[in-house]
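Trainee: Chain by chain, the residues run as shown.
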Amino acid sequence: MTPKPHSALIIVGHGSTTNPDSSTPSFEHAESLVRRGLFGDVQCVFWKEEPSMRQALHLVDQDDIYIVPNFISEGYFTRTVIPRELELTGPLTQRAGRTLKYCEPVGNHERMTELLLRRAAEVAPGVDPQKTSLLIVGHGTNLNDNSAFAAKREVDRIAASGIYAQVLSTFMEEEPLIAKWDELTTQPNVVVVPFFISDGLHSYQDIPVLLGIEQEPTAAASQRSVFRDNPRHMRGRTLYYASAVGTEPLFAEVILDQITAFDLAHPALP
Amino acid sequence: MKRDLTQALARWISQGRRQIGEVLFLPTDHGFLVHHHLDSPSADLEPHTDPNAARRIAVADASGEFRPIKTTPNLRRGWLLKLPDITALRTALEALYPAMLGSFLSFERGELPGVHLRETVGRQSGMYAITKKVTDNQALAVIARNCNSEHGCLKAHLWQIDPTTPVSSLPASKTDPSIPQLPGSAPFLPLLCAEACNLLVAKFREEIKKTPYTPPPADAAPTAAPPHP
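Here the protein sequences come in this chain order: A and B. Taking the numbering used here, the leading residue of the first sequence gets 1, the next gets one more, and so forth. Taking the numbering used here, the leading residue of the second sequence gets 1, the next gets one more, and so forth.
If you are wondering where the hints come from, they were derived from the structure by calculation, not from laboratory data. Mixed in with the good hints there might be a few duds.
[Claimed, not checked] Some but not every residue of chain A turned toward chain B, in silico, with C-beta under 8 Å:
1. 31
2. 32
3. 36
4. 47
5. 58
Ideal placement from N, C-alpha and C gives every residue a C-beta, glycine not left out.
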């Protein structure tokens with residue numbers, strides 16, 4: 001990407017009032033982008049943490065501002081909450097001499113497939129994918145949220161590649177339920193990759209209980225000395241549980257890709 | 001005039017300001033020292049030179065509890081940031097007190113209008129739409145519990161319940177940015193709250209959910225809170 005020293009980048013995350021790890025990937029992607037010196041400034045804002053979305057424009061000096069949602073899918077947050085809190089009128093908002101450029105959420109980018117495959121390979125090194133069931137686990141919800149659709153889209157792409165013997169989308173709150181992972185899978189090895197932004201409440205504390213590798217939610221990831229013991233031999237399978245896809249450092253690249261995509265879609269802008 | 005937050009921070013330092021919230025920042029021959037105001041830089045403190053360490057320092061209190069609001073007066077002690085220049089100082093202070101330098105600059109420029117509570121809850125949707133129904137009395141009680149400067153939050157409020165209804169459950173000093181919320185502060189940078197944060201809005205939701213609805217007497221005017229689902 002061509003450096004944009006006169007532009008600011010604001011990464012928007014969900015954050016949490018209870019889990020310190022929810023916002024960590026957004027901050028780490030921001031720190032990595034600051035080190036690369038591509039923007040005049042890089043900041044994070046959140047729904048449930050500080051700094052808040054409402055404070056976003058007080059954080060940066062620049063008048064040209066890219067806003068990238070660090071969300072796994074389009075939905076209620078990207079379509080309703082973020083535009084309302086940032087007072088956006090569309091992809092492009094002009095306000096008080098400032099130009100706000102609202103990009104697509106990171107999870108929409110086609111490179112998600114590559115990052116999910118990378119996570120799966122990292123967590124189970126040397127394991128034959130042709131003897132492996134790969135489960136992509138998403139939230140699944142009845143909210144106006146396309147996380148289930150996004151997870152299914154990724155599963156279709158991975159399945160089409162033929163790398164894994166079996167690829168399935170599973171969910172915390174809707175069928176097929178991740179809790180039934182042993183009934184759903186056909187292969188001796190099972191790799192589970194959370195299609196989440198962070199190792200926060202859902203992917204670090206809730207899903208391990210649903211998988212049966214913890215009896216009850218543990219402390220947050222950052223408060224434990226050991227991240228996960230992999231693999232686990234249980235229910236007649238060898239189970240590998242990965243870190244959330246959003247903790248992958250290459251997510252910072254996807255943030256840049258979404259900015260490039262925005263510029264391509266709006267070529268008349270400076 | 002163009003915003004320049006780093007230049008503004010340099011100006012504030014030249015004015016003699018040395019404290020923000022519970023943190024002291026002191027110019028030295030080699031840059032800046034930053035530490036908890038109750039610690040002495042000569043004490044045996046955990047040293048850091050990376051300004052991003054400030055974010056990790058601010059994550060949890062001394063007992064390890066997560067701090068979703070960084071202006072809660074429970075910043076842990078025992079650390080010392082040795083920073084080379086004002087850019088690193090800005091990064092560290094923004095991590096310790098997110099958006100507070102920028103909010104103060106906007107305030108100085110007349111660009112930080114307070115947003116009254118009725119407007120904030122009025123725009124909520126989804127699970128927080130119910131907060132539109134918070135009564136003044138419920139709001140005043142929740143604000144007093146969560147925003148008080150002793151245990152809740154050190155920010156000064158720029159907002160009221162509505163344009164004519166002040167937050168009477170907090171002392172008048174809570175709305176004056178020139179008064180330090182932490183007694184005995186050195187010349188300071190104020191922490192400013194332009195509107196109710198999402199955490200406070202969530203507390204209104206909890207309050208409404210736990211309050212049983214009592215229908216008004218049949219002959220009384222409907223002044224109580226409307227029923228909620």
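Trainee: Each of the hints needs a verdict: does it hold here or not?
Mentor: Quick rundown of the hints versus the structure:
1. Interface restraint check for residue 31(A): the shortest CB-CB distance to chain B comes to about 6 Å, inside 8 Å, so the restraint holds.
2. For residue 32(A), the shortest C-beta to C-beta distance to chain B is roughly 11 Å, which exceeds 8 Å, and the interface hint is violated.
3. Hint status for residue 36(A) relative to chain B: violated, with the closest Cβ pair at about 15 Å, above 8 Å.
4. For the restraint placing residue 47(A) at the interface with chain B, the shortest Cβ-Cβ distance is roughly 6 Å, inside the 8 Å limit, so the hint holds.
5. For residue 58(A), the suggested interface contact is upheld, since its CB lies about 4 Å from the closest CB of chain B, less than 8 Å.
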